[in-house]
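If you read the sequences in order, they're chains A and B.
Take 113 as the starting number for the first sequence in this note's numbering and just add one per residue.
Take 113 as the starting number for the second sequence in this note's numbering and just add one per residue.
Derived from the structure by calculation, the hints contain no laboratory data.
Just so you know, these numbers come straight off a predicted model, no measurement behind them.
The beta carbon of each residue, even a glycine, is placed where N, CA and C say it ideally should be.
There's no promise every hint is true.
Derived coverage of chain A by chain B (criterion: at least 3 residues anywhere in the stretch with Cβ under 8 Å from a Cβ of chain B; other residues may be distant) [to be verified]:
| no. | segment |
| --- | --- |
| 1 | 172 to 181 |
| 2 | 184 to 192 |
| 3 | 221 to 233 |
| 4 | 259 to 271 |
| 5 | 313 to 323 |
Protein chains: 2
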Amino acid sequence: MNIPVVEQILFANNTLAEDLRRKLDAAGVFGINVMASPGAGKTTVITGTVERLLNRLKIGYVDGDIATSIDAERIAALDVPVVQINTGGNCHLDANMLAPAVDKLPLDDIDLMIVENVGNLICPANFQLGTHINVLVASVPEGDDKPYKYPTMYRGVDVLILNKVDLLPYIPFDVERFKHGVRVLSPNLKTFEVSSLHGDGMDAWVDWLAEQVAGER
Amino acid sequence: MNIPVVEQILFANNTLAEDLRRKLDAAGVFGINVMASPGAGKTTVITGTVERLLNRLKIGYVDGDIATSIDAERIAALDVPVVQINTGGNCHLDANMLAPAVDKLPLDDIDLMIVENVGNLICPANFQLGTHINVLVASVPEGDDKPYKYPTMYRGVDVLILNKVDLLPYIPFDVERFKHGVRVLSPNLKTFEVSSLHGDGMDAWVDWLAEQVAGER
């Protein structure tokens, strides 16, 4: 694949993403795109987010996965509308895949659309989806070097959730080294430290998110 | 990108991989391709492997990363020949990228070549490198659902190293669910359970690897 082809693909994707954004805005839907490495805890963070917001906001969920609907079933159990996108091996979602999924959601009855991207720290970074914010879930066991090794992903997000902080006592993770790596790439990145498993820090993230949704309307 | 183009790329890659394999065989080099999600502990497993084998085998190391040479520096500190491949954002190594790196290693003075692939559970699975075995490093914090969610990767490897077992007391990881998912995809997959941080289980893996290298010669 040569570079001009890649540029054409990204250009076409951005145009579709802008269309999607207009559609979300017209329906009063705030969209977030949640990205992470496999196993960082995206689905657990999203489950905890949905549980905390269910009585405040109407939520829709889109799950991108290369195979299975394990994640979608976890969220569907919370009784929110769910659409599954199976990427068939593709390592990211793009606006072209998301558009038909969005059409299957009852947009007029949704305040917040949560899109869970494919577990990958590389591919999803290049594809805007038309959502209002890009969220990266990092996790302590991945190591404090990840901002240095995956700069494109860390540079392109609006919010960083550092998950699994409950494991800090058991893992050689230098929080300052991690934060320094993040600051170099994105000095004012909004960051939350949470344990999605035990709930620590989740309220701060969820309250902030609810404010963004309210501010958009 | 349409399917025929992908098939052509994979066919061309496989031909190059076969050339590389012949070159390694001619030089008496046993090659392993180590793959994993970001942060599963590939580099720590490799460091522990090199340390344990340094007085038994002559080792060369090739590091694939989208940016930085952090991993390569950790291994170079062990005084083995190291070649860095920067993929420039690409989410996997392929035989075409590996070939010039192999040419920079002193093959006649090497028994074991360790290739560390880009941190990714999706892209590297489709690209053979010409190495003798494909090794997947999984880790407990990633979760017990990963074989179900990334079947292509789990199906395509010869050895599975389940790392960070020292974290089992702190994480809801169902070892039986994980193993069942692996068995369905690959019933006889050689599996080692290790803590690369504390060393548990590493000797069994390293002894097995040394046997494979000896068997090849």
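Original post:
Per the coverage rule (Cβ-Cβ under 8 Å, at least three residues), is the segment 172 to 181 of chain A covered by chain B?
Top reply: Coverage by chain B holds here, the residue count being 4 at a Cβ distance below 8 Å.
Original post:
Do at least three Cβ atoms from the segment 221 to 233 of chain A come closer than 8 Å to Cβ atoms of chain B?
Top reply: holds (count 4)
Subject >> chain B covers the segment 313 to 323 of chain A, three or more CB atoms within 8 Å, holds or violated >> reply: violated (count 0)
Original post:
According to a criterion of three or more residues whose C-beta lies within less than 8 Å of a C-beta of chain B, is the segment 259 to 271 of chain A covered?
Top reply: holds (count 5)
Subject >> Within 8 Å of chain B (C-beta), three or more residues of the segment 184 to 192 of chain A >> reply: Our answer is that it is violated, as 0 residues pass the Cβ test (under 8 Å) against chain B, missing three.
Of the numbered hints stated above, those contradicted by the structure are hints 2, 5, listed in ascending order.
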